[in-house]
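2 protein chains.
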Amino acid sequence: MKLIKGNIVYAPALGKLVTLERGALMLSDDGTVTDVLAVPPESCEAEVYDYGEALVMPSFADMHLHAPQYPMLGMGMDLPLMDWLNTYTFKTEARFADTDYARSVYRALAKDLITGGTTRVCMFSSLHTDATLILMEELERAGVTGCVGKVNMDRGSEALRETTEQSKSETLRWLDSCDGFRYIKPILTPRFTPSCTDELMAWLGKLAEERGLRVQSHLSENLDEMALVRRLCPDCGQYWETYAKHGLWKDHTVMAHCVHSDEREREALLKHNVAVAHCADSNINICSGIAPVRTLLREGVWVTLGSDIAGGAQLAMNNVITMSIRASKMRAVQTDGRDAFLGVDEAYYLGSTAGHRWFGADGGFARGEALHAIVLDDSALPEPVCTLTLRERFERSIYLMDKSTIKAVWSEGRKVVG
Amino acid sequence: MKLIKGNIVYAPALGKLVTLERGALMLSDDGTVTDVLAVPPESCEAEVYDYGEALVMPSFADMHLHAPQYPMLGMGMDLPLMDWLNTYTFKTEARFADTDYARSVYRALAKDLITGGTTRVCMFSSLHTDATLILMEELERAGVTGCVGKVNMDRGSEALRETTEQSKSETLRWLDSCDGFRYIKPILTPRFTPSCTDELMAWLGKLAEERGLRVQSHLSENLDEMALVRRLCPDCGQYWETYAKHGLWKDHTVMAHCVHSDEREREALLKHNVAVAHCADSNINICSGIAPVRTLLREGVWVTLGSDIAGGAQLAMNNVITMSIRASKMRAVQTDGRDAFLGVDEAYYLGSTAGHRWFGADGGFARGEALHAIVLDDSALPEPVCTLTLRERFERSIYLMDKSTIKAVWSEGRKVVG
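Those protein sequence lines, which keep their order, are chains X and B. Under this note's numbering, the first residue of the first sequence is numbered 310, with each subsequent residue one higher. Under this note's numbering, the first residue of the second sequence is numbered 310, with each subsequent residue one higher.
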């Protein structure tokens, strides 16, 4: 057994924050949570990890990001979407035909993720099978868990495209090579409707069903994109139907953005248990707008958060969380307060628990779940005026933490940092 | 003489960025820029600082921040403005009656500023004279230059207030103690109209004129505050006139926020050469709105940037710069593109050159000015796909830099970090 002592903080549900001062987590030998204790036992047989005054909190889940865009983080932010894609994105992704380059970038990315406290990801690779397998290897090596998708794209951009046949055969080759991974699983990843022919989409939908695979893509990010989808798919009334008609709109499908999803599209999200990956920083940087997160939550839609690098310029999920708060505040102003802004505990819930649930975990430090946690030492933050409550320390840490305050990271029951 | 070699980048005017690959700055012995060179001399008598491939750029000027709110950074962000003030701000500021506490906080703040590349500030202290002098000492010791104001507030908050007489006598005692400072100068600082009686405002206006002192305060931050000002000052048609009628609205007065300044107020800003300190992060966090920066710039108003800690939750000016870009993008969306968003070079201009000008410096690395510069080593940032232009490296650094990438800081001609 293992005993982790510290100040325990977790968000088991939206708007609920549990704080246990000098509490403890009891783990089995394989790192599964067996108990959450308000008071640690005086003595026990367990191997003890005493984190003292540090905060022990569920780690982050980044539910939408593009691994091959990591080298262009913070670049081209002044360009309109199509120029940004053509000047930077497609050229950058094309470079991942080079496996040595992929290895070097993905090793750095995996390290950046895990030392920043992100232990679960739902991630886009590029269209390259070999680079995708390298990405999965590097994530596993670093201790990151989750899903990675080789991207399918047989339409659109001249700079970066497969033939339909290539896309199919490479997808099968990739899937056949995934069995050896323990912590990283494949997810089907049609880039987005404008990038995929109907033939490819239909084939992917069939494959998803045959092999029980999950699906991720993009939805209703900006108005030009939506107009393009309407032109390409005149038979579909709404964007989501371009996925639905091919069997790709289903339980646990992850759709990034949903900035402009109207009532009917939001109903479809709810009805089919599709998860939204809200990417506030990216939506602001690319001038897409601000997603109606409060409305989605009110309606019961499943909302998670994504860094969406490199449309998003921040990989650190605490920054993604605070940016989602900021975006929600701008929306609160725009709607005269009708859409209340996200509280820190709510945004943290979206960036941790809501994502972990997608992987089958229950809320917070639930019994029977492998531990995913970060240990935060906030003692180097500015000296406060008075003794802070644990809730205040939590709030301040979400705004101010960086790698230097993350003392340890646990992923799938294993201590992988610290 | 001194010779600084590196990749020189500066923004001499709004929308203009000069990049000199492997260029150099020539300085006199006292750190005054005597030449900006596209090609460094083969050999010279000067003491050489060879920064190799690093970027050498003008440092940041933070034109609005509250030093005594540093310990509450990132706290209370879920509270409405008045609760935030009463729960955190006034209590926190009141603590600065304790000079030992002030010393400890201000030493940490000064270090945080200078190692983050902020070499000039226009700053609010609290109402405490002794703590204000300690703040000035600690800034000088760390190498930060600029203006600091003991705050005047004889109306409003029960938790934190002076009598009118105290405010006057303490202001005089403070000013009498400022002569010994070389790099930090006093600035008159009525907190804002709701905090100051007419008698105090009139006295401050007279003092400003008699002693040739500059003035800083707050203006049109949010709608409730503006309604309060209208009730308190029924004789003034607009908020700015509550300062103007007492002689506080004048050349180089700094007004923070101006989120809701209408055409007439903006005309008054322009006519009197009042500088706006735009505080995007704070305005978003407190749900004040988004200032019409593009409109202000189009009309010729002087716009600078402020971190406004702790309404702003970020002291690092590169983050303040990118947040002003994000805010401008939200405004661009709101106005259907009528208010074009700020480019990276434009926002950097506002956060460096536009502020430096307030202190009398000319644009960029102007000849005859004491050097204010940061040296950025971007080699630890994610490996890019291809060789980046110097402009791309600049852009990426503004988004991604942190203290670890700042290799050296020069302030008023002196190397103070690195």
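Because the hints were derived from the structure by calculation, they are not lab data. Source: prediction; values computed, not measured. It is possible that part of the hints are untrue.
Since the list gives no way to pick one copy over another, a pair counts as held whenever it fits inside one copy or between any two copies.
Claimed, not checked - Each computed BS3-like pair below joins lysine-lysine, with the alpha-carbon atoms no more than 30 Å apart:
(1) Lys712 to Lys325
(2) Lys494 to Lys420
(3) Lys325 to Lys400
(4) Lys712 to Lys724
(5) Lys515 to Lys554
(6) Lys420 to Lys724
(7) Lys400 to Lys724
(8) Lys712 to Lys420
(9) Lys420 to Lys716
(10) Lys712 to Lys515
(11) Lys494 to Lys477
Evaluation of the provided hints:
1. For a Cα distance limit of 30 Å, the shortest separation of lysine 712 from lysine 325 inside one copy, 26 Å, qualifies, whereas the shortest one across copies, 35 Å, does not.
2. Proximity of lysine 494 to lysine 420 under the C-alpha cut-off of 30 Å is restricted to the intra-copy arrangement: shortest distance 19 Å within a copy versus 46 Å between copies.
3. In this assembly of identical chains, the alpha carbons of lysine 325 and lysine 400 lie at most 30 Å apart only when taken from different copies (27 Å versus 44 Å within one copy).
4. When the C-alpha separation of lysine 712 and lysine 724 is checked against a cutoff of 30 Å, the pair qualifies both within a copy, at 16 Å, and between copies, at 28 Å.
5. In this assembly of identical chains, the alpha carbons of lysine 515 and lysine 554 lie at most 30 Å apart only when taken from the same copy (11 Å versus 75 Å across copies).
6. Within a single copy, lysine 420 and lysine 724 get their C-alpha atoms as close as 14 Å, which meets the 30 Å cut-off; across copies the closest is 34 Å, which misses it.
7. When the C-alpha separation of lysine 400 and lysine 724 is checked against a cutoff of 30 Å, the pair qualifies neither within a copy, at 37 Å, nor between copies, at 40 Å.
8. In this assembly of identical chains, lysine 712 and lysine 420 lie within 30 Å of each other by CA distance both inside one copy and across copies; the values are 11 Å within and 19 Å between.
9. For a Cα distance limit of 30 Å, the shortest separation of lysine 420 from lysine 716 qualifies both inside one copy, at 14 Å, and across copies, at 23 Å.
10. In this assembly of identical chains, lysine 712 and lysine 515 lie within 30 Å of each other by CA distance neither inside one copy nor across copies; the values are 42 Å within and 50 Å between.
11. Taking the shortest Cα distances, lysine 494 and lysine 477 sit within 30 Å of each other inside one copy (18 Å), while across copies they are farther apart (69 Å).
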